[in-house]
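Chemist: Protein chains in written order, with UniProt numbering: chain A, 1 to 303; chain B, 1 to 247.
There's no promise every hint is true.
Below, a list of computed lysine-lysine pairs in the DSS-like style, where the Cα atoms sit at most 25 Å apart [to be verified]:
1. B:182 - A:203
2. B:182 - B:199
3. B:117 - B:131
4. B:112 - B:131
5. B:131 - B:111
6. B:111 - A:203
Only some residues are given here: those of chain B computed to face chain A with a beta carbon under 8 Å [to be verified]:
7. 16
8. 73
9. 123
10. 140
11. 143
I should point out that these hints are in silico values taken from the structure, not numbers from a laboratory.
Fair warning: this is a prediction, and the values are worked out from it, not measured in the lab.
From the three backbone atoms N, C-alpha and C, an ideal C-beta is built for every residue, glycine too.
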Amino acid sequence: MNPQFLMDGLIAGAMIGLGAIGVTLTYSILRFANFAHGELLAWGAYLALAVSGALGLFSTTLTRPIGLFSFGWSLPLAAIIAIVLTGLLALAVDGMLFGRLRARGGAVIILVMASFGASLALRSLLEFIFTSKPAYYTKALQIAVQIGGGLRATPDQLLSLGVALAAVIAIHLMMTRTDIGRSMRAVSENSALAGIAGVDVRKVIRVVWFVGAALACIAGIMTGLLVQIRPYLGHDLLLPLFAAAILGGIGSVPGAMIAGLIVGLSEAAAVQLVGAEWRAAVSFVILVAVLLLRPRGLFGRAA
Amino acid sequence: MTAPALSTQALIAGYEPDLPIVRGVDLSVAQGELLVLLGPNGAGKSTLVKAIAGVVPVHFGSIMLGERDITRVAAHRKIGEGLAFVPQTENIFATLTIHENLQLAAAVLPKKLRVEKIAALYRRFPDLATKPTRLAGALSGGQRQMLAVARALIVDPSVLILDEPSAGLSPKIVAEVFAMLKEINAGGGTVILVEQNVKAALAIASRAVILVEGKIRHEGEASSLLGDPLIARLYLGTSQPQKAEQP
Numbered sequence: 001m002n003p004q005f006l007m008d009g010l011i012a013g014a015m016i017g018l019g020a021i022g023v024t025l026t027y028s029i030l031r032f033a034n035f036a037h038g039e040l041l042a043w044g045a046y047l048a049l050a051v052s053g054a055l056g057l058f059s060t061t062l063t064r065p066i067g068l069f070s071f072g073w074s075l076p077l078a079a080i081i082a083i084v085l086t087g088l089l090a091l092a093v094d095g096m097l098f099g100r101l102r103a104r105g106g107a108v109i110i111l112v113m114a115s116f117g118a119s120l121a122l123r124s125l126l127e128f129i130f131t132s133k134p135a136y137y138t139k140a141l142q143i144a145v146q147i148g149g150g151l152r153a154t155p156d157q158l159l160s161l162g163v164a165l166a167a168v169i170a171i172h173l174m175m176t177r178t179d180i181g182r183s184m185r186a187v188s189e190n191s192a193l194a195g196i197a198g199v200d201v202r203k204v205i206r207v208v209w210f211v212g213a214a215l216a217c218i219a220g221i222m223t224g225l226l227v228q229i230r231p232y233l234g235h236d237l238l239l240p241l242f243a244a245a246i247l248g249g250i251g252s253v254p255g256a257m258i259a260g261l262i263v264g265l266s267e268a269a270a271v272q273l274v275g276a277e278w279r280a281a282v283s284f285v286i287l288v289a290v291l292l293l294r295p296r297g298l299f300g301r302a303a
Numbered sequence: 001m002t003a004p005a006l007s008t009q010a011l012i013a014g015y016e017p018d019l020p021i022v023r024g025v026d027l028s029v030a031q032g033e034l035l036v037l038l039g040p041n042g043a044g045k046s047t048l049v050k051a052i053a054g055v056v057p058v059h060f061g062s063i064m065l066g067e068r069d070i071t072r073v074a075a076h077r078k079i080g081e082g083l084a085f086v087p088q089t090e091n092i093f094a095t096l097t098i099h100e101n102l103q104l105a106a107a108v109l110p111k112k113l114r115v116e117k118i119a120a121l122y123r124r125f126p127d128l129a130t131k132p133t134r135l136a137g138a139l140s141g142g143q144r145q146m147l148a149v150a151r152a153l154i155v156d157p158s159v160l161i162l163d164e165p166s167a168g169l170s171p172k173i174v175a176e177v178f179a180m181l182k183e184i185n186a187g188g189g190t191v192i193l194v195e196q197n198v199k200a201a202l203a204i205a206s207r208a209v210i211l212v213e214g215k216i217r218h219e220g221e222a223s224s225l226l227g228d229p230l231i232a233r234l235y236l237g238t239s240q241p242q243k244a245e246q247p
């Protein structure tokens with residue numbers, strides 16, 4: 001078995017893990033499965049593409065590749081702006097749709113169905129604006145280099161892994177060491193008591209949307225950089241995202257990332273062992289197995 | 001004449017607008033008083049305190065904290081106003097540690113004060129200080145109640161409201177919890193207590209209000225209620241006048 005599957009799996013897993021953190025946070029705090037979360041990945045990728053393209057028009061030096069990487073400064077700058085814009089998009093969707101349904105005391109199933117609608121609308125809007133033709137941040141080719149143990153990776157891939165790791169550590173520290181993180185965990189456990197204890201639950205919900213969308217944006221940009229940018233980029237990752245969120249244990253940030261890596265590595269192993277056509281089945285098998293055998297996941301709390 | 005610590009005027013409240021549970025309550029709690037709310041099941045005692053805390057919608061009337069109208073103040077802002085509420089069940093965050101529970105509550109205070117306030121609470125409740133990194137969900141019933149009260153006390157509230165703090169606790173722990181409330185009251189704190197444990201509550205209360213079908217039916221000195229056979233029979237679930245018991 002070619003050990004290269006480990007690197008492929010880690011990279012796919014890091015993207016899944018980042019997306020799954022957003023799923024797990026919204027699920028644990030807003031108590032519904034947001035099927036529009038994948039669209040935030042795609043919107044993040046396209047927003048970065050648009051901003052990076054616009055920056056390139058202002059200054060061609062910004063598009064010149066930085067060191068060993070395939071992209072210029074326009075992409076990291078665009079990524080920062082895209083993270084903010086994706087966060088604002090998530091807040092806008094919540095304000096227009098989910099927030100109104102919550103205020104009316106809408107049942108969970110109504111929120112879930114609304115998220116299907118939001119997913120369709122957001123994806124169609126992307127196709128309408130950017131067409132369904134694949135796009136790329138850069139046309140520069142990268143050669144994978146030996147990194148030891150028979151593994152090869154491109155500098156872009158290694159940077160993406162580093163960014164994913166840094167993002168997870170930052171979110172984990174936020175959840176465990178800061179007032180807003182404690183408030184998020186408190187709202188996740190008991191939102192009524194959190195309110196009595198002085199936590200502004202509406203503010204926590206806004207932070208959750210923003211953080212989830214920011215991570216989705218990073219995952220989307222990673223996918224766009226390492227694979228390609230398509231309107232279905234996030235939608236195609238939806239099943240792995242949910243498999244990772246549930247395997248990690250709803251509400252657990254490190255759990256979502258570790259489970260994302262497990263899902264990514266399992267998919268890559270399946271490609272080598274049984275064939276690429278079975279890749280999509282892996283997430284499904286993991287999802288069903290966890291729900292049947294250990295519904296609270298690896299790091300989730302008992303009901 | 002000083003304003004009451006807390007008062008309600010013609011308060012109507014309930015989960016649904018057309019199904020009021022609290023039906024026109026005029027309550028007045030003096031500064032430094034320990035008031036116990038009594039009444040049969042379904043009388044609206046818990047709904048009344050939840051409405052005051054902002055957890056149950058108020059449909060009519062007003063709530064004054066001192067001289068400030070807090071009727072429309074959001075639940076999460078009431079603690080900052082000086083009104084602390086300890087619910088009957090699920091009154092701590094089980095998945096957070098003891099210290100995190102206190103840090104969460106202290107977040108409404110200015111940053112400079114937080115560490116000192118938490119340290120003061122640990123001195124007051126040494127049981128909590130023995131293992132602050134312990135998950136609150138692992139605490140015993142009495143320790144949980146202690147943590148819930150500590151969480152509420154962190155802001156030095158002008159009024160502390162507790163909804164049946166004795167529920168589910170052994171008599172020994174109930175005595176400890178009530179002694180703690182008595183001590184808070186002796187220190188000048190205004191306490192409102194909803195209780196089913198009539199004898200123990202009246203023993204520490206200065207005044208009692210009896211609620212029936214969402215309205216105040218009777219109020220008076222705690223000691224006089226204990227000695228009133230009619231009140232005892234009708235509302236307190238006892239046939240004989242009670243003698244106050246020290247917890």
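Chemist: Decide, hint by hint, whether the structure agrees.
Modeler: Here is what the structure says about each hint:
Only pairs whose Cα atoms come within 25 Å are accepted, and residue 182 (chain B) paired with residue 203 (chain A) is rejected, the gap being roughly 37 Å. As the CA atoms of residue 182 (chain B) and residue 199 (chain B) are separated by approximately 14 Å, the hinted pair is consistent with the 25 Å bound. At most 25 Å may separate the alpha-carbon atoms for a hinted pair to count; residue 117 (chain B) and residue 131 (chain B) meet this at roughly 17 Å. Taking the CA atoms of residue 112 (chain B) and residue 131 (chain B), the gap is about 24 Å. The hint holds against a cut of 25 Å.
In summary, the hint linking residue 131 (chain B) to residue 111 (chain B) is supported, as the alpha carbons are separated by about 23 Å, within the 25 Å threshold. A distance of roughly 19 Å separates the Cα atoms of residue 111 (chain B) and residue 203 (chain A); the hinted pair therefore holds under the 25 Å criterion. A least Cβ separation of about 11 Å between residue 16 (chain B) and chain A goes past the 8 Å threshold, and the interface hint is therefore violated. The closest approach between the C-beta of residue 73 (chain B) and any C-beta of chain A is roughly 12 Å, which is over the 8 Å cut-off, so the hint fails.
Hint on residue 123 (chain B) is violated. Least Cβ distance to chain A is approximately 21 Å, over the 8 Å limit. Interface hint at residue 140 (chain B): violated, since its Cβ lies 19 Å from the closest Cβ of chain A, which is beyond the 8 Å cut-off. Here the hint on residue 143 (chain B) is broken, as its CB sits about 17 Å from the closest CB of chain A, past 8 Å.
Of the hints listed earlier, those the structure fails to meet are numbers 1, 7, 8, 9, 10 and 11, in rising order.
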